[in-house]
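K.L.:
Going by this note's numbering, the residue at position 166 of the sequence shown is 286; the numbering climbs one at a time, nothing skipped.
Rather than coming from a laboratory, the hints here were simulated on the basis of the structure.
For clarity, every value in this text was computed on a predicted model and none was experimentally measured.
We put the CB at the ideal spot given by N, CA and C, even for glycine.
Hints are not guaranteed to be accurate.
Claimed, not checked - Keeping only pairs whose Cα atoms sit at most 25 Å apart, straight-line, the calculated DSS-like set for lysine-lysine is:
#1 K143 x K311
#2 K249 x K190
#3 K225 x K190
#4 K256 x K352
#5 K129 x K225
#6 K190 x K239
#7 K237 x K195
As the list claims (entries may be wrong) - Between beta-carbon pairs, the in silico distance windows are:
#8 V246 x L133: 33 to 39 Å
#9 D247 x G212: 42 to 48 Å
#10 K163 x D325: 16 to 22 Å
#11 I335 x L133: 38 to 44 Å
#12 E290 x E134: 31 to 37 Å
#13 D182 x F354: 37 to 43 Å
#14 V252 x A141: 39 to 45 Å
#15 D262 x T320: 20 to 26 Å
#16 D325 x R130: 26 to 32 Å
#17 D150 x G277: 35 to 41 Å
#18 S261 x E136: 42 to 48 Å
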Amino acid sequence: MSSNSSVIKRVCLEAEAGSPAVKYRIQLLDESLIDESVEFLAKELLPSTNMTIISSLGFLSDKDACDEIKSVLRKHLSEGISLAALLEDDSGNRGPLIGCNVLYKESTSEMEYRTDKMKLCHQTLVDLKKGVDVLKIYNCSDCISAFGISVASAFRGRGIATEFLRARAEVCRLTNIPVTAGVFSGPYSHKAAAKAGFRTLSELDLGTYRIDNKIVHPEARGWPTAKYMANKYF
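With the sequences and hints as input, model every part of the structure.
P.N.:
Structure, rendered in structure tokens:
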């Protein structure tokens, strides 16, 4: 697949206070971008300063867990339906990767995890979605699920996450899967998802969430709510 044929949309951002003008494109993430994207996600998604379920578990302090989550990311990216945001010059030539949205089909999501941190992450997601059957709610046989959106720190706050969510409609059209769903942690991601038409199916208070009577996400007390949200396009 050529990079041009995989482009979903191009975005031009005007200069604003403290931020230069930016041109970037959102495209399907093909095989040539997988290695770069895995390292990008490890750098931008895992640090504890991010408001995500993954970052709150402290993956960076556990090499085995880091290696496992990189393997999980690589598996999902290899499906070929994830999205990348790439800077462009005036001639349309690609620049650095500035964002990534990891997407996969729910029907391919079954995995077994070996490290404690990945098991805790998985159990948190299971409990968040408990009692919610997105396929039954929307009367569909599959859905496009997400393993997170990550934007380079220098480009956050400029609507790139919202553009990723809007581009999800094209991924659904290309795969002929009408529904997409994902977990959103923190008020900024909740707002971006709602702006893109997602609705909340369930919530979990991470500040009080316990497994075996132990707080699992102590770093999440400043942004305690995780939401499972979905959107149907056709």
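K.L.:
With reference to the structure, classify each hint as holding or not holding.
P.N.:
Each hint tested on the structure:
no., hint, in the structure
1, K143 x K311, "holds, 23 Å"
2, K249 x K190, "holds, 23 Å"
3, K225 x K190, "holds, 18 Å"
4, K256 x K352, "holds, 13 Å"
5, K129 x K225, "holds, 22 Å"
6, K190 x K239, "holds, 15 Å"
7, K237 x K195, "holds, 18 Å"
8, V246 x L133: 33 to 39 Å, "holds, 38 Å"
9, D247 x G212: 42 to 48 Å, "holds, 45 Å"
10, K163 x D325: 16 to 22 Å, "violated, 29 Å"
11, I335 x L133: 38 to 44 Å, "holds, 39 Å"
12, E290 x E134: 31 to 37 Å, "violated, 24 Å"
13, D182 x F354: 37 to 43 Å, "holds, 42 Å"
14, V252 x A141: 39 to 45 Å, "holds, 42 Å"
15, D262 x T320: 20 to 26 Å, "holds, 21 Å"
16, D325 x R130: 26 to 32 Å, "violated, 39 Å"
17, D150 x G277: 35 to 41 Å, "violated, 28 Å"
18, S261 x E136: 42 to 48 Å, "holds, 44 Å"
Figure legend: structure checked against the earlier numbered hints; hints not met, in rising order: 10, 12, 16 and 17.
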